[in-house]
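Please build the complex by placing chain B on the supplied structure of chain A, with the hints as guidance.
Spelled out from the first residue to the last, the chains are:
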Amino acid sequence: MKRLVEGNEAVFLGALKAGATFFAGYPITPSSEILALAAEHAARDHGFKFIQSEDEIAAANAIIGASLAGAKSFTATSGPGFSLVQEAIGYAHQAEVPTVFVNVQRVGPATGMPTMPAQQDILQTKYGSSGDYYPLVFYPNSVEECYRYAITAFNAAEESMSPVILLSDAFIGHLNEVVDLDAIEVKVVPRSRPPLGTGKRSFSGLAHDEEGNPRTADAEVYRKWLSKVKARHEEVAARYSDFKFKGNTSSDTLIISYGIVSRVIAPLDSEFALFRPIRIFPMLGPELQHYAQGYKKIVVIEANDGQYGCLVERELKREVIQVPLLGGRISLGLAKKGLSEKLGREVH
Amino acid sequence: MGKLIISGEGGQGVRVISHTLATLLASLGYEVSLLYDYDSAVRGGMSVAHLIFDKQPIDNPVIEEADILLKLSDKAKGLRAEKTIGQIGLCADEEIPFTELGIEVFGKEVFGNMIALGRLMTLMGIEVSEEELAQALPLKYREENISAVLFGYHLKEEDLERGLKSRKRRNCKNNTTQL
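Protein sequence lines correspond, in order, to chains A and B.
The opening position of the first sequence corresponds to residue 1 in this note's numbering, with each subsequent residue numbered one higher.
The opening position of the second sequence corresponds to residue 1 in this note's numbering, with each subsequent residue numbered one higher.
The shape of chain B in the complex, shown without the other chains:
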């Protein structure tokens, strides 16, 4: 059994990531439960997905302690997990500049989500073909999303360096603008 929580804010892609992953796990023959816990403020409100997969039928779909928690923001409070990965700056066991990598490598912040999905798949040991991935992803930006997931799946140390440099540049630029 695997228990995974994906946490973020409305609009960050929590549903896309979790639904894609759940679809992939279903295609691999797992029983899956995916439950959404979210605030009514669609943009900016907390949004949490509880994803469980198992070879056996799943009873309780509400996770109280996950194996892995992916944090795209720290809007949701009180979530517990054995291991946390997240956007840099969110106090996770493994902090990755997903947003910056999305911009740097794929030209858009939003692709950070798909990079995070790829990283999540690596950590959970989920292997799928490109075809299976394509079927699970939304039609919009499908090719770019596949590339971003694969990028996250094969994330290397130098990629992290690249993201961190990008982050530094952006921070400096922002500070300069403020001055």
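With the rest of the complex left out, here is chain A:
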């Protein structure tokens, strides 16, 4: 049935659809609705477990523990909370733990502007923890996609045996749209491996061999492990090369944007070509290169000071014009103003 659904609610319902049975979190605007829904759901369904922890670090480690114990698990946080969970994300990559971190972004750094939308954690999703790792990151731009990509995030987590990040922002998280969630069909990937208690197994944040035994001074074992993990992530990422492209043969400029910004600038399609990555990481390199080919100018509009733009520039090996929308003000008018300044002509 069609009804009004909020972005954060769609994320939670998507998680349930994916088979999540454990949520741990610490309330933080603008993600708190997900925690509140999880608490309410746990009261109704005793098969679903919920912890409101003392902080985000505890929550992150709780979902890792729950995953190892056999549950599909997730947490939801924002800005400062996402900073706190970075160590746990690194651990989950090293220990190969499938779980999902939802980050409903707000303006930072630190407490920043708690209710204002931003896209300032883009680089943190890829580089926030220590060491080399290959995170899968998705960023929906509608309520329907919040539901769809919540399921996808759980699927990709099971397939890659790693923590997957689902990005959102204060606007998308609190956006209400008319959706028929029952009509959305996304295949659910089952648990990738048996839970603890089913045979002898070892998990560690230390570098380890195939059996999980610590191997902390063996470069060969480490290289083999990293290469295997990298290949697995690339293989899984290839199943989710999701993007939207709207060409414009009368334009010489391609605009790249994602999340809420891609919604706000959608009316620019009459004047520009538009590309929207949904899988933010690993970057859609071949797709970007393919669609950027026909355009003289590449512009990245994003609600941060050029975080994705610099990566697009590196990927395309050509200059990228950056239009930052800062301070929680995201509007078509501001995007047009920024474009007009950077392109040296009036954008209507």
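Among the clues, some could well be false.
[What the hints assert, rightly or not] Straight-line C-alpha distance at most 30 Å; calculated BS3-like pairs for lysine-lysine:
1) A/Lys336 / B/Lys77
2) A/Lys2 / B/Lys140
3) B/Lys83 / A/Lys336
4) A/Lys17 / B/Lys55
5) A/Lys246 / B/Lys55
6) B/Lys75 / A/Lys337
7) B/Lys77 / A/Lys342
8) B/Lys77 / B/Lys108
9) A/Lys336 / B/Lys55
[Claimed, not checked] Here are a few chain B residues that face chain A, going by a calculated C-beta distance under 8 Å:
10) Val32
11) Ser33
12) Tyr36
13) Asp39
14) Ser40
15) Gly44
16) Asn60
17) Pro61
18) Val62
19) Glu64
20) Cys172
Read the hints as simulated data drawn from the structure, not as lab findings.
Small disclaimer: the values here were computed from a predicted structure and weren't measured.
Here a beta-carbon is modelled for each residue, glycine too, at the ideal position from N, C-alpha and C.
Relative to the frame of chain A, chain B by itself:
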């Protein structure tokens, strides 16, 4: 397509009004986008709802110029609209003593919001049944809220007079107290 902005302060009911209206529009078969822009000061901080409805899918949910702006306070700055309605004293095209009518007719200031919602529905040409209205409203004070919405929907000149008189009485009373 209709674009509507509801602006007020945290605690004034911006979310209740906008969510109720969005639910009603959804039940009428419209595509709806409702987006909240608010300050972290939950009580007294600016709170703005952007509500768009259309028969087509909606791209940009952020409104820069609304068809109608409902102002419950003037906390939020820089909002633009073709027509503004608001609580009396807020420099709107149509100023209505919503607060006073809430007290005078329904015994509580807060019902002013539902009267405003009714007025908004009239201006936007939204017609719904009482049943549909009941389904869209929160359970708490549902009957009173329905009455207040209907009152606002059918607002008459004499009702405005009643509200203005109430406002005058309250102002006089306040001034007397101060003396």
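Consistency of the hints with the structure:
Under the criterion of a C-alpha separation no larger than 30 Å, the hint pairing A/Lys336 with B/Lys77 is consistent with the structure, at around 21 Å. Distance hint between A/Lys2 and B/Lys140 is fulfilled; the C-alpha atoms sit about 24 Å from each other, no more than 30 Å. Pair hint B/Lys83 plus A/Lys336 holds up; C-alpha atoms about 25 Å apart against a cutoff of 30 Å. With a C-alpha separation of about 29 Å, the suggested pair A/Lys17 and B/Lys55 falls inside the 30 Å cut-off, and the hint holds.
The suggested pairing of A/Lys246 with B/Lys55 holds, with an alpha-carbon distance near 22 Å, which does not exceed 30 Å. For the given pair, B/Lys75 sits about 25 Å from A/Lys337 by alpha-carbon distance, which is consistent with the 30 Å threshold. Our distance criterion of 30 Å between C-alpha atoms is met by B/Lys77 and A/Lys342, whose separation comes to about 27 Å. Our distance criterion of 30 Å between C-alpha atoms is met by B/Lys77 and B/Lys108, whose separation comes to about 28 Å.
A hinted pair counts as satisfied when its Cα atoms are at most 30 Å apart, and A/Lys336 with B/Lys55 qualifies at roughly 26 Å. Satisfaction of the interface hint for B/Val32 is found here, the shortest Cβ-Cβ separation to chain A being roughly 5 Å, below the 8 Å cut-off. A distance limit of 8 Å between C-beta atoms decides the matter here; for B/Ser33 the minimum to chain A is near 5 Å, and the interface restraint holds. The criterion of a C-beta within 8 Å of any C-beta in chain A is met by B/Tyr36, whose closest approach is roughly 5 Å, and the hint holds.
This hint holds: B/Asp39 has a C-beta 6 Å from the nearest C-beta of chain A, less than the 8 Å allowed. Interface hint at B/Ser40: satisfied, since its Cβ lies 4 Å from the closest Cβ of chain A, which is below the 8 Å cut-off. Because the closest C-beta pair between B/Gly44 and chain A is about 14 Å apart, greater than 8 Å, the hint is violated. The beta carbon of B/Asn60 comes within 5 Å of a beta carbon in chain A, closer than 8 Å, and the hint placing it at the interface holds.
Proximity of B/Pro61 to chain A holds as hinted, the smallest CB-CB distance being about 6 Å (cut-off 8 Å). The closest approach between the C-beta of B/Val62 and any C-beta of chain A is roughly 5 Å, which is under the 8 Å cut-off, so the hint is satisfied. Checking B/Glu64 against chain A: minimum C-beta separation of about 5 Å stays under 8 Å; hint holds. Because the closest C-beta pair between B/Cys172 and chain A is about 39 Å apart, greater than 8 Å, the hint is violated.
Checked against the numbered hints given earlier, this structure breaks hints 15, 20; the rest are met.
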